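Asker: Protein chains in written order, with UniProt numbering: chain F, 1 to 219; chain E, 1 to 219.
There's no promise every hint is true.
One copy or any two copies: either way a pair holds, since identical chains are not told apart in the list.
[As the list claims (entries may be wrong)] Here are the simulated SDA-like cross-link-like pairs (lysine to any residue), alpha carbons at most 25 Å apart as the crow flies: (1) 62 to 49; (2) 118 to 156; (3) 118 to 19; (4) 62 to 213; (5) 62 to 103; (6) 118 to 213; (7) 62 to 138; (8) 118 to 160; (9) 118 to 58; (10) 62 to 194; (11) 118 to 96; (12) 62 to 114; (13) 118 to 84; (14) 62 to 217; (15) 62 to 99; (16) 62 to 207; (17) 118 to 212; (18) 62 to 126.
Please keep in mind that the hints were generated in silico from the structure rather than gathered at the bench. Remember, predicted model here, so these are calculated numbers, not experimental data.
2 protein chains.
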Amino acid sequence: MTTEKRSGGGMSEHRRARLRLEISREASRLFWEQGVAATSGDQIANAVGLSTRTIWRHFRSKESCAEPVVMQGVVTLLTVLRSWPRQSSLEDHLATELARLRHEEPPVDIADEMLAMKMIRLADTEPALRTAWLMACDQTERDMRVIVGDRLGRPGGDLEVRLHAAAAASVVRVMDEHIGAAILAGADVTEFQDVTALARRFARAIRTATGGAVGDPVA
Amino acid sequence: MTTEKRSGGGMSEHRRARLRLEISREASRLFWEQGVAATSGDQIANAVGLSTRTIWRHFRSKESCAEPVVMQGVVTLLTVLRSWPRQSSLEDHLATELARLRHEEPPVDIADEMLAMKMIRLADTEPALRTAWLMACDQTERDMRVIVGDRLGRPGGDLEVRLHAAAAASVVRVMDEHIGAAILAGADVTEFQDVTALARRFARAIRTATGGAVGDPVA
DNA sequence: GCCCATCGTGTCACTTAATGCCATACTGTC
DNA sequence: GACAGTATGGCATTAAGTGACACGATGGGC
Numbered sequence: 001m002t003t004e005k006r007s008g009g010g011m012s013e014h015r016r017a018r019l020r021l022e023i024s025r026e027a028s029r030l031f032w033e034q035g036v037a038a039t040s041g042d043q044i045a046n047a048v049g050l051s052t053r054t055i056w057r058h059f060r061s062k063e064s065c066a067e068p069v070v071m072q073g074v075v076t077l078l079t080v081l082r083s084w085p086r087q088s089s090l091e092d093h094l095a096t097e098l099a100r101l102r103h104e105e106p107p108v109d110i111a112d113e114m115l116a117m118k119m120i121r122l123a124d125t126e127p128a129l130r131t132a133w134l135m136a137c138d139q140t141e142r143d144m145r146v147i148v149g150d151r152l153g154r155p156g157g158d159l160e161v162r163l164h165a166a167a168a169a170s171v172v173r174v175m176d177e178h179i180g181a182a183i184l185a186g187a188d189v190t191e192f193q194d195v196t197a198l199a200r201r202f203a204r205a206i207r208t209a210t211g212g213a214v215g216d217p218v219a
Numbered sequence: 001m002t003t004e005k006r007s008g009g010g011m012s013e014h015r016r017a018r019l020r021l022e023i024s025r026e027a028s029r030l031f032w033e034q035g036v037a038a039t040s041g042d043q044i045a046n047a048v049g050l051s052t053r054t055i056w057r058h059f060r061s062k063e064s065c066a067e068p069v070v071m072q073g074v075v076t077l078l079t080v081l082r083s084w085p086r087q088s089s090l091e092d093h094l095a096t097e098l099a100r101l102r103h104e105e106p107p108v109d110i111a112d113e114m115l116a117m118k119m120i121r122l123a124d125t126e127p128a129l130r131t132a133w134l135m136a137c138d139q140t141e142r143d144m145r146v147i148v149g150d151r152l153g154r155p156g157g158d159l160e161v162r163l164h165a166a167a168a169a170s171v172v173r174v175m176d177e178h179i180g181a182a183i184l185a186g187a188d189v190t191e192f193q194d195v196t197a198l199a200r201r202f203a204r205a206i207r208t209a210t211g212g213a214v215g216d217p218v219a
C-alpha cells in the first residue's frame, strides 16, 4: 500500500504492460507489412482481438502503439544499467550482465528484437513513427538521469548530470540504430554475439560521451 | 536555375519558410495561451488569416505547427556552427559569431526566442508538443552530422561521426532546455548576456561530450 | 500587349483518428 | 455471495487530416 499505488481493484502495472506490449506487437507487425498510413486502428484492434475503443484507452495515438516494442530494444540495456553496482566498472558490469542474459530466463524474445529493429528502420522514412522512436529515447534519457545522478551523487536535475545522461542516452540510441540497420541489411549477426566485445564498445562510447565521468567504479 | 531549384513558378523556399514561421507564431501563441488540446486547426487558420486547408498543406499535423518556432531557438546556433572555419577553435568561433549576432542585423527577434522557450517548456507536460521538440532536435542532429563529418574528414554515415554528432546535438538541446527553463522561471537574464562566457560553456560541453574530437582547429 | 503553364489557395465532401458516455462484464475484498 | 472498483464494448460525436476541383496570382515567352 505504501510502495504500490493500490493493491486491489486496479489492473496491475505488470498486466497492463503485458497488454500494451501485446497490442504493440500486432500494431508493429501491421506497420511493417503494410505501412503506417495503411494500417487503421480498427485493424490493430481486430488483430489483437480487442475493441477499437480499448486500443485508444491504452495508447494516445496510432503511432504510439509502436512505443512498447521499440522500447523493448533499449529496456534490457536500461535494466542492466539500473543494477550497476557502484564498485564495478561499466565494462565489467555490462559484460557479466549481458552474458548472463544470454543463458538466463527469460531468453529475451528474439522476435521482439527484430520487430523493434524494423520499427526503428521504418522510423527513418515514416515521420509518424520517428516520433514514437524519439519519445522512447526521451524516456530512456529520463531514466538515465536517475542512474547517472545516483552514480555521481548529485540530483537528477543537475545540469552536469543531465548533460551526461543525454550523452549516454544518445550513445545507446545511435548504437541501437547502427546495429539494427546493420542486421536488417543482412550483416553477419555473429558480429554482435560476442558480449564481451559488445560491452566494451558500449562502455567505451559512453565513457567518451561523458568525458570519462561515467564508467569507473565509484567510492 | 542551378543553385535555386526553380527560378520561376514555385514559391521560393524562403517565402515558404516565412509563411510557415508566421503560422507557427500564431499556433504557438494559442498553444501557450489556451493549451494544445483546446486549440483547433480552425483557430490557427483564423488567427493567421488563412483557410484551414492551407494550414494542413504546410504542416502535417497540429503539433508540428510549433516546429518552426521551436526550431528558431537552435537554428541560429546551427547557422553559426555551419560557418565554423577549420582553422578556428570552437570557443573563438562561437564567441565572435555570437557577439556579431548581438549587434548585426537582423537583431534576432526576442519575441520568437521567448515563444520558443515557452513551447519547450510546454513540451515538458504536453506529449504532443514534446514530439515537435524532439523532431526539431532530430533535425539538429542530422545537420550536426554534416558539420562534424566535414570537420573530421569522414562521411556523415560513419558511426564515430554519428556518435559525436548526437552528443553535440544533445548538448545543444539540454543547454537550450536548461537556459529556457531558467529564464522562464524568472532567472536573471543578464547571466546569459555575456557571450564570451556562454560560448565557453557551450564549447566546453561539446568538447566533453565528443571526447575532445570536436572543438580544436583542424589542419 | 497577350497567352499559357504552374503553382498556391479556398471550398466542399469525405475518411478516420480519438474522445465522452453509458451499460456491462470482470476481478478481487469482505 | 454481496460489493466496490475497473476494464471493456458499443455508439454517438468531435475534430484532424486528405482528395478533388475551381479560381486567381505570378511569371515567362512571344
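Asker: Work down the list of hints and note, for each, if the structure agrees.
Answerer: Going down the list of hints, with the structure as the test:
no.: 1; hint: 62 to 49; in the structure: within (16 Å within a copy, 31 Å between copies)
no.: 2; hint: 118 to 156; in the structure: between (33 Å within a copy, 22 Å between copies)
no.: 3; hint: 118 to 19; in the structure: within (21 Å within a copy, 36 Å between copies)
no.: 4; hint: 62 to 213; in the structure: neither (39 Å within a copy, 40 Å between copies)
no.: 5; hint: 62 to 103; in the structure: neither (35 Å within a copy, 47 Å between copies)
no.: 6; hint: 118 to 213; in the structure: neither (33 Å within a copy, 32 Å between copies)
no.: 7; hint: 62 to 138; in the structure: both (19 Å within a copy, 21 Å between copies)
no.: 8; hint: 118 to 160; in the structure: between (34 Å within a copy, 23 Å between copies)
no.: 9; hint: 118 to 58; in the structure: within (22 Å within a copy, 29 Å between copies)
no.: 10; hint: 62 to 194; in the structure: neither (37 Å within a copy, 46 Å between copies)
no.: 11; hint: 118 to 96; in the structure: neither (28 Å within a copy, 45 Å between copies)
no.: 12; hint: 62 to 114; in the structure: within (20 Å within a copy, 32 Å between copies)
no.: 13; hint: 118 to 84; in the structure: neither (29 Å within a copy, 37 Å between copies)
no.: 14; hint: 62 to 217; in the structure: neither (43 Å within a copy, 47 Å between copies)
no.: 15; hint: 62 to 99; in the structure: neither (36 Å within a copy, 46 Å between copies)
no.: 16; hint: 62 to 207; in the structure: neither (37 Å within a copy, 39 Å between copies)
no.: 17; hint: 118 to 212; in the structure: neither (33 Å within a copy, 34 Å between copies)
no.: 18; hint: 62 to 126; in the structure: both (13 Å within a copy, 17 Å between copies)
Hints 4, 5, 6, 10, 11, 13, 14, 15, 16 and 17 from the earlier list are contradicted by this structure; the remaining hints agree with it.
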